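Student: For reference, the chains in residue letters:
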Amino acid sequence: MAQLTESVKPADARGRTAPPRTARRRKVRAGGAGKQHNGGPIAYAFLILAALVSLFPLYWTVVAASHTDTDIVTPPTPLLPGSHLIDNLKIVWDQVDMTKALVNSTIVAGTVAISTVLFATLAGFAFAKLEFRGRNALLTIVVATMTVPPQLTVIPLYQIITDAGWVGHLQSVILPSLVAAFGVFFMRQFLSEALPIELVEAARVDGAHSLRIIWHVVFPIARPAMAVLGMLVFVQSWNDFFWPFIALSQQNPTVQVALAGVGSGNHQIDHAVVVCAALVATLPLLLVFAVLGKQIVSGITAGAVKS
Amino acid sequence: MRTSGRTRRTAVIAVAGLATCATLITGCSSDSKDDAKGDSGKSSSGEQITLHIGDFGSFGYDDKTGAKLFSEYERLHPNIKIVEDNVSDGQQYWDSLKLHLQQNSGLDDIQAIEIGYIAEAIQPNLASKFVDFKTVKGFNVDDWVSYKEKEATTSDGKVIGVGTDIGPTAICYRTDFFKQAGLPTDPAQVAALWNGDWSKFVSVGEQFKAKAPSGVAFTDSAGGLFNAVLSSQSAQYSDESGKLVYDSSPGVQTAWNLSAKAIKEGLTAKLQQFDSNNTWSAAFKTGKFATVACPSWMIGQVAANSGPANKGKWDIAQPPQAGNWGGSFLAVPKSGKHVAEATAFAQWLTAAAQEVKVFQKFGNIPSNKAGLADPAVQNATNDYFGTAGAPIGKIFSTTANAIQPAPIGPKDGTVKDIITKNGLLDMEQRGTSADKAWSNVKAQVKDKVGE
Amino acid sequence: MATSAPPAGWRSRLYRLDTKASPYAYIAPFFLVFAAFGLFPLIYTGWLSLHHVELGQSGSGTWVGFDNYTSLWDNQFFWKALRNTFTLGVISTVPQLLMALGLAHLLNYKLRARGFFRVAVLAPYATSIAAAALVFVQLFNPDYGMINQFLGHVGVHDIRWDSSKWPAQIAISAIVTWRWTGYNALIYLAAMQAVPADLYEAAALDGASRWRQFLSVTIPSIRPTIFFTIIVSTIGATQLFGEPLIYGGGVGPTGGTDHQYQTLSLYMYDKGWQVGQLGQASAVAWVMLLILLLIGAAQLLVMRANRRKLGG
Numbered sequence: 001m002a003q004l005t006e007s008v009k010p011a012d013a014r015g016r017t018a019p020p021r022t023a024r025r026r027k028v029r030a031g032g033a034g035k036q037h038n039g040g041p042i043a044y045a046f047l048i049l050a051a052l053v054s055l056f057p058l059y060w061t062v063v064a065a066s067h068t069d070t071d072i073v074t075p076p077t078p079l080l081p082g083s084h085l086i087d088n089l090k091i092v093w094d095q096v097d098m099t100k101a102l103v104n105s106t107i108v109a110g111t112v113a114i115s116t117v118l119f120a121t122l123a124g125f126a127f128a129k130l131e132f133r134g135r136n137a138l139l140t141i142v143v144a145t146m147t148v149p150p151q152l153t154v155i156p157l158y159q160i161i162t163d164a165g166w167v168g169h170l171q172s173v174i175l176p177s178l179v180a181a182f183g184v185f186f187m188r189q190f191l192s193e194a195l196p197i198e199l200v201e202a203a204r205v206d207g208a209h210s211l212r213i214i215w216h217v218v219f220p221i222a223r224p225a226m227a228v229l230g231m232l233v234f235v236q237s238w239n240d241f242f243w244p245f246i247a248l249s250q251q252n253p254t255v256q257v258a259l260a261g262v263g264s265g266n267h268q269i270d271h272a273v274v275v276c277a278a279l280v281a282t283l284p285l286l287l288v289f290a291v292l293g294k295q296i297v298s299g300i301t302a303g304a305v306k307s
Numbered sequence: 001m002r003t004s005g006r007t008r009r010t011a012v013i014a015v016a017g018l019a020t021c022a023t024l025i026t027g028c029s030s031d032s033k034d035d036a037k038g039d040s041g042k043s044s045s046g047e048q049i050t051l052h053i054g055d056f057g058s059f060g061y062d063d064k065t066g067a068k069l070f071s072e073y074e075r076l077h078p079n080i081k082i083v084e085d086n087v088s089d090g091q092q093y094w095d096s097l098k099l100h101l102q103q104n105s106g107l108d109d110i111q112a113i114e115i116g117y118i119a120e121a122i123q124p125n126l127a128s129k130f131v132d133f134k135t136v137k138g139f140n141v142d143d144w145v146s147y148k149e150k151e152a153t154t155s156d157g158k159v160i161g162v163g164t165d166i167g168p169t170a171i172c173y174r175t176d177f178f179k180q181a182g183l184p185t186d187p188a189q190v191a192a193l194w195n196g197d198w199s200k201f202v203s204v205g206e207q208f209k210a211k212a213p214s215g216v217a218f219t220d221s222a223g224g225l226f227n228a229v230l231s232s233q234s235a236q237y238s239d240e241s242g243k244l245v246y247d248s249s250p251g252v253q254t255a256w257n258l259s260a261k262a263i264k265e266g267l268t269a270k271l272q273q274f275d276s277n278n279t280w281s282a283a284f285k286t287g288k289f290a291t292v293a294c295p296s297w298m299i300g301q302v303a304a305n306s307g308p309a310n311k312g313k314w315d316i317a318q319p320p321q322a323g324n325w326g327g328s329f330l331a332v333p334k335s336g337k338h339v340a341e342a343t344a345f346a347q348w349l350t351a352a353a354q355e356v357k358v359f360q361k362f363g364n365i366p367s368n369k370a371g372l373a374d375p376a377v378q379n380a381t382n383d384y385f386g387t388a389g390a391p392i393g394k395i396f397s398t399t400a401n402a403i404q405p406a407p408i409g410p411k412d413g414t415v416k417d418i419i420t421k422n423g424l425l426d427m428e429q430r431g432t433s434a435d436k437a438w439s440n441v442k443a444q445v446k447d448k449v450g451e
Numbered sequence: 001m002a003t004s005a006p007p008a009g010w011r012s013r014l015y016r017l018d019t020k021a022s023p024y025a026y027i028a029p030f031f032l033v034f035a036a037f038g039l040f041p042l043i044y045t046g047w048l049s050l051h052h053v054e055l056g057q058s059g060s061g062t063w064v065g066f067d068n069y070t071s072l073w074d075n076q077f078f079w080k081a082l083r084n085t086f087t088l089g090v091i092s093t094v095p096q097l098l099m100a101l102g103l104a105h106l107l108n109y110k111l112r113a114r115g116f117f118r119v120a121v122l123a124p125y126a127t128s129i130a131a132a133a134l135v136f137v138q139l140f141n142p143d144y145g146m147i148n149q150f151l152g153h154v155g156v157h158d159i160r161w162d163s164s165k166w167p168a169q170i171a172i173s174a175i176v177t178w179r180w181t182g183y184n185a186l187i188y189l190a191a192m193q194a195v196p197a198d199l200y201e202a203a204a205l206d207g208a209s210r211w212r213q214f215l216s217v218t219i220p221s222i223r224p225t226i227f228f229t230i231i232v233s234t235i236g237a238t239q240l241f242g243e244p245l246i247y248g249g250g251v252g253p254t255g256g257t258d259h260q261y262q263t264l265s266l267y268m269y270d271k272g273w274q275v276g277q278l279g280q281a282s283a284v285a286w287v288m289l290l291i292l293l294l295i296g297a298a299q300l301l302v303m304r305a306n307r308r309k310l311g312g
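Protein chains in written order, with full-length UniProt numbering: chain Y, 1 to 307; chain Z, 1 to 451; chain C, 1 to 312.
One chain only, chain Y, in its complex shape (with noise of 0.2 Å):
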C-alpha cells in the first residue's frame, strides 16, 4: 500500500507520464496532454488579438514613460517610444524612495500570496474532502466576509493598527492579508473536482496522517491552481493602495503608496512621470508572472484512480 501513494508523489509532476504502478492504476499523464488538440490559425488569430488588447494599454504605457509631460496630453498622441525614459525614471526616483518601495512590495506581496496559497489550499482540502462537524455552516461563513466591501473596514481596521503600534510598519499591511476567503473558497471548488476522493481513501488506508496527504496527495494535483491563485494575489497584494496608503508613509512605502508621492510638479501633476513610475511598478508583475506561469502546465493526478 505504500507503494501506493509513493506513485503520486511530486516528482511525477515533471516526466508528463508517470508508469503504472500497480494494476488498480491507469495510465497517469499530463492533464491536458490527452486532449490537448493543437491549436489551429482561427484559435491562433484569436489569441493574438486578445493578445494585443490585452498589452496595448502597457505597450502605451511605455510610450508615455518615455516622453514629456506636454507630448503625451497633446494631440496627436504619439505612438511609437520616445527619448525621455531616462529623465523621467530619474524624476521617479528624486521624489520617491522607489527601491525601498519595490523592496518592501516584494516583502509584503511575497508573504501574503505564499501564506494566502499555504492556508487557502489547507483550508480548501478541508472544505473539499474531509467530513467535520459545521463544514457548510463554516463554508458559508467564508464566502460570505467576501461580501463586505473594503472601503469602509479601513477605519476600524486603522483604529487596530494604532492601537497595536504598527502605523507606519510593514506588518499592518501584511497580518490583513495573510489569508483571504477568496482563495479558500477557490480552492475548494478546485479541489472539489479536481482531487478523486479514493487517492486519500487511499492514503488514509495506508496509514497515512494527514498532513502526508497534503504533501503529497493534495499540493501536487492544487499546483496548477496554486500558481493561478499565487500570481492573483501577487498582483492583488502589489496593486493594493487604498488600505496601504493609509497605513504607511513616504518613509516606509509600497510601490502604490510611493506611486501617489511622485508626478508633483510646478502646481500641476506631471502624466509622463506618473506613468513612468507606473511602469516601474508594473514590469515586476510581469516576471513574476513568467515564473508562476509556467507552473500551471500540469495535473499529473487528473483521474489517477479508477472509480
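These aren't lab readings, by the way, just hints derived from the structure by calculation.
Quick caveat: nothing in here was measured; it's all calculated off a predicted structure.
Heads up, some of the hints might be wrong.
Stated by the list, open to error - Okay, the calculated beta carbon distance ranges per label pair:
1. 207(Z) <-> 283(Y): 40 to 48 Å
2. 297(C) <-> 283(Y): 41 to 49 Å
3. 334(Z) <-> 297(C): 47 to 55 Å
4. 283(Y) <-> 383(Z): 35 to 43 Å
5. 334(Z) <-> 298(C): 31 to 39 Å
6. 65(Z) <-> 48(Y): 40 to 48 Å
7. 80(Y) <-> 443(Z): 36 to 44 Å
8. 239(Z) <-> 70(C): 27 to 35 Å
9. 156(C) <-> 48(Y): 24 to 32 Å
10. 102(C) <-> 59(Y): 41 to 49 Å
11. 298(C) <-> 150(Y): 21 to 29 Å
12. 298(C) <-> 42(Y): 46 to 54 Å
13. 156(C) <-> 197(Z): 42 to 50 Å
Glycine is no exception: its CB is placed at the ideal position from the N, C-alpha and C atoms.
Given the coordinates of chain Y, work out where chains Z and C should sit on it, guided by the hints.
Tutor: Below, chains Z and C without anything else, positioned relative to chain Y:
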C-alpha cells in the same frame, strides 16, 4: 517507518516556511524608518532630531526642485534633519490625514492644510488636535494679509495654522484671439472693459462671440468662471457662524446666474478644469478658449499647458473684482514628539523672507504682508506672458490687497463641488436647464450635508 | 477500500484524533486572521450605521437607531446607485465570463508561445489602472477618440461616452471586461488542466466534435469553478468602484455629473470619505452586504436545483 521520516521532513519544511514569514515580518518592522517618525532622538536641545513635514502637490520648499529651504534650515540648526512626506493628490492627502488625526497616529510633525479644508479643520473635533499659534511666542496674526489667519481661526479664537501662500485671481487672456474678435489687447484696456463688475465680463464674452475665430470659446469652463466670481463675493456659502446659507446667498446667486448665462450663450468651452483625461490641459495648446480665470498659481499651468509655441500669445489683466482662490496653511499636531521645534520650523517657513524665496523659485504669492510688499515680489515679471513680460508681481499683489474677507464654513467644499461639477458641468455637457440643474444641486446638497 | 485493518493502540488513537481535529486545524488560520482583522471592522461598521457620526470625530456620535437605513428608502440617489450597480454588473460580468471561458479553452490548446499568451492575457490585471484609464479615456473621447472616429465612418455620430448614461456605462464595462477577462480565463484554465484526459478520449471515440467535447466534457467538469467565478464576479460587480471612479475623473465620486454611473460603492465612498457621513455610509455598506447575501443564497439554490436536475 518511512512514513514518519517523510512526515518529519514535511513538518520541518512547513515550520521553516512559517518561520521565514515571521522573520520577514519582524525583519521589516525593525527595518522600518518609521520608528524615527518624529522621534529619532531625545528632544533635549542639541541632540539630533528629525522633523517630518507632510504636504501635498508642490509647496516649493524641497531641495531638488524647490527653494532649498530644508537644507537651509538644516544648516541653521545642525541638530535638525528635515524629511518631507509628500502626496501628489490633495484629496487623498486630506482623507488619510483626517483618519490619522482621529487616531492620533501616523501624523507628521507638521501637516499642511489646503484652504478648501481649513474650515473643516477649525471645527472642534479636529482643531483640538493642533497647536494654537496664539499661544506661540513670536506669532502675530497681523503679519498676514487680513483674511488669511482669520480662516484658520476657530470659533473660540484659537489659530491652528500659519499661512503659506494665497491665490489672488486675475484673468489670463489670448491677445491673438481678442484681436481677431476686435477687442483691445493691452492689459489696461482689457481690464477697463470689465472693471468692477463680473457681468461686464460676460458681456465682453458676448461681444467676443459675435466675431470669434471659429472653434474658440470665450472662457474655458463655467466651473472656473463660477469659482472666480464667487471668490470675489463677500457672501459665499456660509454665514458668520459657519452655517450653510448657499441657497439664499447673494454671492452664490450672482455667480450661478452669470455662469448659467455664459453657458446658455455658448461662451464656455464646456471643459472640466484639471480633469484626469487631460482634455482641459490639451485645449490650452489647441487654443479652444480665449480666457481663463487665473489665480497666481495658475499661470505656471497656463504656460506649461500652452507650450513654447504659444509664448507671447497670453497676457494677464486685472479681474473685474478681486478674489482669492487657493492657498494653504501649516499646522502642528499636538501629539508630535517635537512640538516646539516643529512650531518654530513652521513659523520660519512662513516668515516673509522664506515666502519671498518660494515666490522667486515657484511663483507662490506670499500671504505674509511683508513678503507681499517685498520688492522681489512687487517687481516680478513673467516672460511667458505679454509682449515685454507681464508685471505679475504688481497685478497679483494689487489684487491680494483688495480682497475682502468672506465667512467660510466646513461644508463649503462639498457645496462647491456639487455646484460646479454636478450643477454647471451637467448643464454644459448634458444640456440640463438652469432651473433643473439648480434643483438637482439642492437635492444633492440635502443628501450629502443633510440640510 | 479497507484492505488493511486500522492500526492499533496509540497510533489508532492518534489517527482518530487526526481525522477529527485536522480539518479544524486547516481552516483555523483563516478564521483566526478573520477574527482578528475582519470581524471587528464588520461589527464596528454595523454599529456605526446606527449612529450619526462624522469622519475625524472622536467618540461615538449620536445614536439614531435605524434612521440611516430608513432614510435610504426614499433617497433617489441610493436607488439610482442600486440600479446602476445592477445594470453595470450585468453588462460587465456576463460577456466577461463567457469570453473568459472561450479564452481559457483556446489557451488549453497545445500552442506555440503558450507561456507568452498566458502572461499576455493576465497583463491587464497587472497594468496600473491609472495608466489603463488614460488609454481608455482617450479611446472613448467623444471629440477625437478612435471609437467615435470609427463609428463616424459607419454613420453613427457624436456618442457622448463621457456624459450620456448608457454610453458611459458601456465604456466602463469595457474597462471592467478588459481588466478581468484574462483573470477569469486563467482560473478556468487551471480547472481545465485537471479534467481527466480519458473523458476526452471517450468522447472522441464517440465521435464528438471539439465543440461538443467543450460543451459535454469541459463545462460539466469545471462546474464548481464556474460557480466560483460567478459568485466572485457578482461580488466584484456589486462592489464595483475603481473603474467608474477613475473613468469619471473629477466627477468620479458622484459617478458622472448626473450620477449616471454612480455605483453603490461610489455612493458609499462619496458619503463616507468625501462628505464624512460615516453613519450613513456604513448603512449603505450593510445594505450592500445584505443584498449580496441574498443574491448568494439565490445562486446557491439555483445551483442546487440544477445539480439535482442534472443528477450530478
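Student: Residue 156(C) and residue 197(Z), beta-carbon distance inside 42 to 50 Å?
Tutor: 45 Å Cβ-Cβ, so the 42 to 50 Å window holds.
Student: Within 41 to 49 Å or not, the Cβ separation of residue 102(C) and residue 59(Y)?
Tutor: At roughly 24 Å between Cβ atoms, residue 59(Y) and residue 102(C) fall outside 41 to 49 Å, so the hint is violated.
Student: Using the Cβ atoms, figure out if residue 65(Z) sits within 40 to 48 Å of residue 48(Y).
Tutor: Distance hint for residue 65(Z), residue 48(Y) holds at roughly 44 Å.
Student: Quick one: are residue 298(C) and residue 150(Y) within 21 to 29 Å, going by C-beta?
Tutor: Given range 21 to 29 Å: holds, Cβ gap about 24 Å.
Student: Does the hinted range 31 to 39 Å hold for residue 334(Z) and residue 298(C) at CB?
Tutor: violated (52 Å)
Student: Is it true that the C-beta distance of residue 239(Z) to residue 70(C) lies inside 27 to 35 Å, as the hint says?
Tutor: holds (31 Å)
Student: Given a hint of 46 to 54 Å, does the C-beta separation of residue 298(C) and residue 42(Y) actually sit inside it?
Tutor: violated (38 Å)
Student: I want to verify a distance hint. Is the separation of the beta carbons of residue 207(Z) and residue 283(Y) within 40 to 48 Å?
Tutor: violated (55 Å)
Student: Falls inside 41 to 49 Å, the C-beta gap from residue 297(C) to residue 283(Y)?
Tutor: holds (43 Å)
Student: That 24 to 32 Å hint for residue 156(C) and residue 48(Y) (C-beta), does it hold up?
Tutor: About 28 Å separates the Cβ atoms of residue 156(C) and residue 48(Y), which means 24 to 32 Å holds.
Student: State, for the Cβ atoms of residue 283(Y) and residue 383(Z), whether the hinted interval 35 to 43 Å holds or is violated.
Tutor: holds (40 Å)
Student: Could you say whether the range 36 to 44 Å given as a hint is met by the Cβ separation of residue 80(Y) and residue 443(Z)?
Tutor: Hint violated: Cβ distance 49 Å, outside 36 to 44 Å.
Figure legend: structure checked against the earlier numbered hints; hints not met, in rising order: 1, 5, 7, 10, 12.
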